[in-house]
Amino acid sequence: MTMLNPDPDAALVERVKQGDVRAFEMLVVKYQRRIERLIGRMVRDVDLVADIAQETFIRAYRALPQFRAESAFYTWLYRIAVNTAKKALVDLKRDPVTTLTALQGADDEDETYRGGMEPTDGETPEALLASKEIAATVNAAIAALSEDLRQAITLREIEGLSYEEISDVMNCPIGTVRSRIFRAREAIAERLRPLLDTREGNRW
Amino acid sequence: MSQPDSDHPSSDSSRRILSALADGDATDGEAVRAFQAWRDDADARATWHAYQLIGDVLRSDDLACDAQGNEAFLVALRARLAGEPVVLAPQPRVPEEDLAALAAANAGPRVAVRARSRWQGPMAMAAGFLVVIGGLNVVRPFGHGADATLASSTGASSPLMASATAVNNGAVVAVGQQTPAQTKAAADQLAPYLAAHRQSAMNAPFQMPGNDLRNVSLVQPAR
Numbered sequence: 001m002t003m004l005n006p007d008p009d010a011a012l013v014e015r016v017k018q019g020d021v022r023a024f025e026m027l028v029v030k031y032q033r034r035i036e037r038l039i040g041r042m043v044r045d046v047d048l049v050a051d052i053a054q055e056t057f058i059r060a061y062r063a064l065p066q067f068r069a070e071s072a073f074y075t076w077l078y079r080i081a082v083n084t085a086k087k088a089l090v091d092l093k094r095d096p097v098t099t100l101t102a103l104q105g106a107d108d109e110d111e112t113y114r115g116g117m118e119p120t121d122g123e124t125p126e127a128l129l130a131s132k133e134i135a136a137t138v139n140a141a142i143a144a145l146s147e148d149l150r151q152a153i154t155l156r157e158i159e160g161l162s163y164e165e166i167s168d169v170m171n172c173p174i175g176t177v178r179s180r181i182f183r184a185r186e187a188i189a190e191r192l193r194p195l196l197d198t199r200e201g202n203r204w
Numbered sequence: 001m002s003q004p005d006s007d008h009p010s011s012d013s014s015r016r017i018l019s020a021l022a023d024g025d026a027t028d029g030e031a032v033r034a035f036q037a038w039r040d041d042a043d044a045r046a047t048w049h050a051y052q053l054i055g056d057v058l059r060s061d062d063l064a065c066d067a068q069g070n071e072a073f074l075v076a077l078r079a080r081l082a083g084e085p086v087v088l089a090p091q092p093r094v095p096e097e098d099l100a101a102l103a104a105a106n107a108g109p110r111v112a113v114r115a116r117s118r119w120q121g122p123m124a125m126a127a128g129f130l131v132v133i134g135g136l137n138v139v140r141p142f143g144h145g146a147d148a149t150l151a152s153s154t155g156a157s158s159p160l161m162a163s164a165t166a167v168n169n170g171a172v173v174a175v176g177q178q179t180p181a182q183t184k185a186a187a188d189q190l191a192p193y194l195a196a197h198r199q200s201a202m203n204a205p206f207q208m209p210g211n212d213l214r215n216v217s218l219v220q221p222a223r
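The listed protein sequences correspond, in order, to chains C and D. Under the working numbering, the first residue of the first sequence carries the number 1, and numbering increases by one thereafter. Under the working numbering, the first residue of the second sequence carries the number 1, and numbering increases by one thereafter.
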């Protein structure tokens, strides 16, 4: 498989291959949410999703020396996540849409029970509220950006264009693209940081 | 998680580098600084998380989640990773000229040690061969003759065999590093010895098996 653009994770992957396990953490932080969402669509049991996601990253870490960069790192990680989720389902001898939590929560005498077809949701109301608040804050911050900054960050994060491609689209030097994307991120992060403080004000 | 390290403040420049690294646009030097910042600076870790979360939320609102969940996930994974062997993928061999440039740029003693250590393997292997060949020479009952016969039976076509025989005859040849020309020279040097051996072997009353099986007849004296 050939990639249109260089893999943006190449430097991180190489660093991990050289023995820096902490660099792998940066990849985890980058992809954890996407991998959990992918697994969640297959397993639908929030109690299992985190465990399978953990197993996915462990397997990826072990297999990283064999990663030949013939595809993007995320594509490779995506395949590992799918295979790990399938294996977990086989191991538990379950239907992909019938989850353990759903089965345990079902009352046999409950006529409304529908065989666990409804996805379970283990998120607390507080966590759900925090997630909605984060999404609203990011969207409001995007709306408040100048046109140049909004266009630059949108082309990068949503369209997935490289800096070079963005410089062509916006008709400006690559250095300007880099600066605009950074300023856009900082403007959004400035609004986001109060929401991202973890326990007792510690952050990461 | 750890507190921010005052020695590694998350400056505007380090945030710029993290932003570039997130997009795969950081230079090698910048990437090294970013890895260092991730290791030592809690603010840098929080910045990296914020940038990645912003990208995810821009792509889809349902990727928004609270930082505590992300942090707990990483803490749990970090504990598991601590029990894993460190990943070390084979690295491409560094060309000699690059090595020389590295030697000039970096500390001399360390590179000298590396250069010396590169020779230790081949030298140890060559020494091992010499020990084995010497041992064979001692334990063989027919000494050079058996050696020459063995070489002859293989036509002395193997560089290893040619070099081993050459050592037995006092000509020291680097084991396993011969060029075809060196092999031919060694064979030429051995030719007179082999011819003499064959001659003496054919005249001997009790000869060792040579190249061919020969029909022999035993003449018993009349009683």
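I should point out that these hints are in silico values taken from the structure, not numbers from a laboratory. Given the structure is predicted, the values throughout are model-derived calculations rather than measurements. Using N, Cα and C, we set each Cβ at its ideal position, and we do this for glycine too. The reader is advised that the hints may include incorrect statements.
Said to hold, decoys possible - Facing chain D, according to a computed beta carbon distance under 7 angstroms, are these residues of chain C, among others: (1) A23; (2) V29; (3) I58; (4) R59; (5) A63; (6) L64; (7) K87; (8) V90; (9) S131; (10) C172; (11) R183; (12) I188; (13) A189.
To see whether the hints hold, each was checked on the structure:
The interface hint given for A23(C) is met, as the beta carbon of that residue sits about 5 angstroms from the closest beta carbon of chain D, less than 7 angstroms. A cut of 7 angstroms between beta carbons decides the hint on V29(C): the least distance to chain D is about 5 angstroms, and the hint holds. With a least beta-carbon distance of about 6 angstroms to chain D, the hint placing I58(C) at the interface is held under the 7 angstroms criterion. Checking R59(C) against chain D: minimum C-beta separation of about 11 angstroms lies over 7 angstroms; hint violated.
Below 7 angstroms, beta-carbon pairs count as interface contacts, and A63(C) has none with chain D, the closest being about 9 angstroms; its hint is therefore violated. A cut of 7 angstroms between beta carbons decides the hint on L64(C): the least distance to chain D is about 5 angstroms, and the hint holds. Hint on K87(C) is violated. Least Cβ distance to chain D is approximately 17 angstroms, over the 7 angstroms limit. About 22 angstroms separates the beta-carbon of V90(C) from the nearest beta-carbon of chain D, more than 7 angstroms, and the hint is not met.
A distance limit of 7 angstroms between C-beta atoms decides the matter here; for S131(C) the minimum to chain D is near 5 angstroms, and the interface restraint holds. Annotation: interface hint on C172(C) violated; nearest CB of chain D at approximately 15 angstroms, more than 7 angstroms. Among the interface hints, the one on R183(C) is violated; its C-beta lies about 9 angstroms from the nearest C-beta in chain D, farther than the 7 angstroms criterion. Annotation: interface hint on I188(C) holds; nearest CB of chain D at approximately 5 angstroms, less than 7 angstroms.
Annotation: interface hint on A189(C) holds; nearest CB of chain D at approximately 4 angstroms, less than 7 angstroms.
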